[in-house]
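Visitor: Protein chains in written order, with numbering that gives the first Met the number 0: chain A, 0 to 377; chain B, 0 to 655.
Read the hints as simulated data drawn from the structure, not as lab findings.
Every residue, glycine too, gets a C-beta built ideally from N, C-alpha and C.
Treat the hints loosely; a few may be bogus.
What the hints assert, rightly or not - Residues of chain B placed beyond 12 Å of chain A at every Cβ, according to the derived structure:
#: 1; residue: Arg-10
#: 2; residue: Gly-24
#: 3; residue: His-42
#: 4; residue: Thr-340
#: 5; residue: Lys-438
#: 6; residue: Asn-493
What the hints assert, rightly or not - Chain A is faced by these chain B residues, among others (derived, beta-carbon under 8 Å):
#: 7; residue: Glu-8
#: 8; residue: Ile-11
#: 9; residue: Leu-34
#: 10; residue: Asn-213
#: 11; residue: Val-497
#: 12; residue: Arg-585
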Amino acid sequence: MILDDNRDSAARRTFSATARLLSALKLDGPLLIGLGLLAVYALVVQYSASGQSLETILRTLMRIGIGAFAMIALAHSSPNFLRSLAPWLYGVGIVLLLVVDAVGYVGKGAQRWLDLGLVRFQPSEIMKLAVPMLAASFMHERRLPPDWRNLLVLAGIVIVPAALVAMQPDLGTAVLIFATGALVVLMAGLQWQVIAGLACAGAGAAFIGWRFLHDYQRQRIRIFLDPQSDPLGSGYHIIQSQIAIGSGGLFGKGWMNGSQAQLDFLPERSTDFIFAVIGEEFGLLGLVVLLLLYLFIISRAVFLASQSSGTFARLLGLSLALTFFVYVFINAGMVTGLLPVVGVPLPLISYGGTSVVTLLAGFGILMGLYSHRKLVNS
Amino acid sequence: MRIKDQWNEQRIYSSRTFAALLVMGLLSFALFGRLVYLQIVRHDYYFELSQGNRVRQDPIPASRGLILDRRGRVLVDNEPAFQLELIPEQTPDLNDALQRLSTLGLVNREDIEPLKRMIRSRRSFDSVPIRLRLSDEEIGRFAVHRYEFEGVELRARQTRHYPYGELGVHALGYVAAVSEDDLDRIDKPGYAGTTLIGKLGVEAAYETQLHGLNGYQQILVNAQGRSVKFQGAYQPDLRAEAPVAGRDLVLAIDLPTQQAAEEALGDRRGAIVALDPANGDVLALVSHPGFDPSLFSRGLTRSEYSLLTSNEDKPLLNRALRGAYPSGSTIKPMMALAGLTYKVVDPERREFCAGVFHLPGSSHLYREGKGGKHGAVNLVDAVARSCDVYFYGLASQLGVDRIAAFAAQFGIGSLTGIDISGEKPGLLPTPAWKKQAFKRPQDQIWFPGETVNFGVGQGYLLVTPLQLAHMAAELAERGRSFQPRLVMGTREANGTIVRSAPIAQRGASGISDEDWALVLRGMIGATTYGTAAAIFKDARYSAAGKTGTAQVFTVAQNARYNEKTVAERLRDHAWFIAFAPADAPRIAVCVLVENGGFGASAAAPLARRVMDAYLLAGPADAAPAPTAAPTAAPTVAPVAAPTAAPAAAPSGVHRP
Chain A
0 MILDDNRDSA ARRTFSATAR LLSALKLDGP LLIGLGLLAV YALVVQYSAS GQSLETILRT
60 LMRIGIGAFA MIALAHSSPN FLRSLAPWLY GVGIVLLLVV DAVGYVGKGA QRWLDLGLVR
120 FQPSEIMKLA VPMLAASFMH ERRLPPDWRN LLVLAGIVIV PAALVAMQPD LGTAVLIFAT
180 GALVVLMAGL QWQVIAGLAC AGAGAAFIGW RFLHDYQRQR IRIFLDPQSD PLGSGYHIIQ
240 SQIAIGSGGL FGKGWMNGSQ AQLDFLPERS TDFIFAVIGE EFGLLGLVVL LLLYLFIISR
300 AVFLASQSSG TFARLLGLSL ALTFFVYVFI NAGMVTGLLP VVGVPLPLIS YGGTSVVTLL
360 AGFGILMGLY SHRKLVNS
Chain B
0 MRIKDQWNEQ RIYSSRTFAA LLVMGLLSFA LFGRLVYLQI VRHDYYFELS QGNRVRQDPI
60 PASRGLILDR RGRVLVDNEP AFQLELIPEQ TPDLNDALQR LSTLGLVNRE DIEPLKRMIR
120 SRRSFDSVPI RLRLSDEEIG RFAVHRYEFE GVELRARQTR HYPYGELGVH ALGYVAAVSE
180 DDLDRIDKPG YAGTTLIGKL GVEAAYETQL HGLNGYQQIL VNAQGRSVKF QGAYQPDLRA
240 EAPVAGRDLV LAIDLPTQQA AEEALGDRRG AIVALDPANG DVLALVSHPG FDPSLFSRGL
300 TRSEYSLLTS NEDKPLLNRA LRGAYPSGST IKPMMALAGL TYKVVDPERR EFCAGVFHLP
360 GSSHLYREGK GGKHGAVNLV DAVARSCDVY FYGLASQLGV DRIAAFAAQF GIGSLTGIDI
420 SGEKPGLLPT PAWKKQAFKR PQDQIWFPGE TVNFGVGQGY LLVTPLQLAH MAAELAERGR
480 SFQPRLVMGT REANGTIVRS APIAQRGASG ISDEDWALVL RGMIGATTYG TAAAIFKDAR
540 YSAAGKTGTA QVFTVAQNAR YNEKTVAERL RDHAWFIAFA PADAPRIAVC VLVENGGFGA
600 SAAAPLARRV MDAYLLAGPA DAAPAPTAAP TAAPTVAPVA APTAAPAAAP SGVHRP
């Protein structure tokens, strides 16, 4: 009993030491555990999907490191600071998007990157944070739910950067930017009648917007509706990813044993289509584990957001948490054939891009909003 | 700043968060449902697809069975050769590639168009042979330019090798590239990877045994279709099935006898068939002129092929099986037997031959074929000295119906049933046949004079050399008959030879031993004091034979036939049938020399050489070394090779 007590107290001491450290860093334990498990999962899958490339693993670790740094830094930022930062971040983001579009126009091709010499940098990633921040900060000073004039302003805040990104063209990121902004508006209590009306208007706009889509974007939608129509062309991605997932079965073919992935049949297997690699090698079980991990992270994030104080904090937090789900659902949906193929990576699992940094930064903001709740109240 | 309603905001957050979580739950459930559908419900389907994606079956062609002579000497074998193969889907510009290959001298310019047609008829991922049997120099030439030809590969394949060149080509047949017609008959998966298929003779008739069963090797391929050993830690479970080599066929052909027959014919047109009368074994089968079978296995150019088909000597015609000629006097032993069996003739009674015969009440004269007169001849003499006048009378006494019925017992007018295809039945004329063969009523009547001609093997009667050899064998066996066979067994993998039993046929029956003996005496007489006596005078065995001279030219009633004045193509065909030793026959031979003139002088010496080769050879006679070697090779011509030799045989002209 004495021994047990000692061990208990030792454990308790360790636990409380960790808790003190986390609270000093203004980080949330459960969310951190969830993200950590996801990172391990990502490294395991990427090792297989990249064909046992250690370089891939090192690069991912480096990105996670940068992301963790951003997360800790942002966790220390107070909501008021973030709120004052929002217009500046948004403004710089818009300018950079214009620059990228201009360079892309000159270069006559898709342009998403800004080469700063040392790092290549995707300005659209900034907007994933800047849009919900500015929208939430706009609503922070106004009554909920937004009236129609506020709604117009909000629409402008969301649609301008989304349109600029779509013009790059990067439909996937544009959808995500739109989603983060829209979620702020939805969480702010936009009336259901208005939502229904906007949905109808959106459908009408989509009908007209079809004409403005790039050929390859239209093609993606057509192929989504009937992948078999072009089995060796654009439909190839969807068909091969469904074969990979379906052939995995309940338990999968085993780590590094997926023939679809290992023999190059699955395109973009370590980036946008990594979900199919998991399905093939780890089966339904592996995917369910992954989805439960995601749902745990999202639930914790929603909890943190709902516990934080102030309109800005809550709207921003809920938007960031739910956007994470939008991310997961769009990627899983497109890989399994539920949604058209838009270039959205599987968050924190797909290799590459600046999205790991942005996502971790977003979770940093969430943790910061939560840990600063008393400060705001007082 | 307006005053904020904290409670209202809290209510909005709660309801919206709840709604969001609800939507999230529903979407997650939909996603889960989709995964269950893909990974559980449709798992088998997608698993099959992923298997099909990564595993390709690479055929391993079985090695084609060898063809051996009766003592196991190799007549046909396989040798490795390099060939050019083209994979259409990997060739960016087919026309350009072929043009450039032709400037390198690897493809004939005239073959480009037919090659393009053939390539387009194949599946785009199949490797299509475009040029067989490259010489070392050509291999080198291609190797230097290899990088310029995407989709064209040099591949080592087994190809057919005929060490004796033209020897026995009409018996052995040949192989050629699998044609579109072949694809309709064969089991396509079984021939995946097979380049050559038997087209004629033994190669065609025994295709199934010779071909064997192709095996396969499953190979792992990546998305680009390239073969990979493994990728990552993925270890495939690949299956393979070894090919089963084709059977080695043991022919009844005796190589030295076959060679003797080929040499005996020399450059004359004609055929020689030698049978073992006791079982139907074909000891030798020659049809001359022949052709080099490797021309076909390496692929003929169009010009080479048209040279073969337009040659007036018809090298592609198998004269032994398909050449139909009047039998001439070779039919007389059979006719004598008929006379004896139907008792229309007294063998001892001598008829006087004054050189001409005429039917009672007719002024039409039937002459001795060679002219001259035989004086008083009995049946044995008439056979030995080939007296036409004797047989004119005999035939008219027998009547056509009895002759036809009797001749049918010796296989005249029907297929011998030899085990290769293409045989022709010749023609056994009867009044019934004539009635339906001719249109005009006046032509449909069978005239008594036609029966007279029948007695000496002229008129409508047509026989093939194989049929006469078959008849000679039946005479040797006193009515016992066997189906001629080129293949007498197979050699198993362990070297043991499995012989198949000879196939007995219905032969001649109801002939008394005395009658057989009489006719045998007549045939021995032919080689001792009769028509062929000079040829056999120093033979170390006793032979029974019968000469024949078949007219292809009608001699005018009052003119006399002068060999020298008649154009070579209109000269008589020379026949000789024989068997030996006369008392215990081991070989029966039929020799035909087209436009050879007299049977005794043109055909009998050839039969003698063949019988000498077979009967006088030591028990373990070593075969001479093969002579022919493959020469320079042109491209595969997608010309449909003839499965049966074209054109009708030259036939005799009858006298009215």
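Visitor: With 12 Å as the threshold, tell me whether Arg-10/B passes as away from chain A on beta-carbon distances.
Guide: violated, 9 Å
Visitor: Take the shortest C-beta to C-beta distance between Asn-213/B and chain A; is it under 8 Å?
Guide: This hint is violated: Asn-213/B lies away from chain A, its Cβ roughly 26 Å from the closest one there, beyond 8 Å.
Visitor: Can you verify the interface hint for Val-497/B: is its Cβ closer than 8 Å to any Cβ in chain A?
Guide: Hint violated; Val-497/B Cβ to chain A Cβ min 46 Å, cut 8 Å.
Visitor: Holds or violated: is the Cβ of Arg-585/B closer than 8 Å to a Cβ in chain A?
Guide: violated, 67 Å
Visitor: Does Ile-11/B meet its interface restraint, that is, does its C-beta lie within less than 8 Å of any C-beta in chain A?
Guide: Holds: closest Cβ of chain A sits about 4 Å from Ile-11/B, inside 8 Å.
Visitor: Quick one: work out the minimum CB distance from Lys-438/B to chain A and report holds if it exceeds 12 Å, violated otherwise.
Guide: Holds: least Cβ distance 64 Å, greater than 12 Å.
Visitor: Is the Cβ of Thr-340/B farther than 12 Å from every Cβ of chain A?
Guide: Consistent with the label, Thr-340/B stays out of reach of chain A, its closest Cβ about 79 Å off (over 12 Å).
Visitor: The output says Asn-493/B does not contact chain A. Does that hold with a beta carbon cutoff of 12 Å?
Guide: Since the minimum Cβ distance to chain A is about 42 Å, Asn-493/B lies beyond 12 Å and the statement holds.
Visitor: If you take the shortest Cβ to Cβ gap from Glu-8/B to chain A, is it below 8 Å?
Guide: Constraint on Glu-8/B satisfied, holds at 5 Å.
Visitor: Hint check: is the beta carbon of Leu-34/B less than 8 Å from a beta carbon of chain A?
Guide: holds, 6 Å
Visitor: Hey, does His-42/B actually stay past 12 Å from chain A on C-beta?
Guide: violated, 4 Å
Visitor: Find the nearest Cβ of chain A to the Cβ of Gly-24/B and say whether that gap is larger than 12 Å.
Guide: violated, 9 Å
The structure does not agree with the numbered hints 1, 2, 3, 10, 11, 12 stated previously, though it agrees with the rest.
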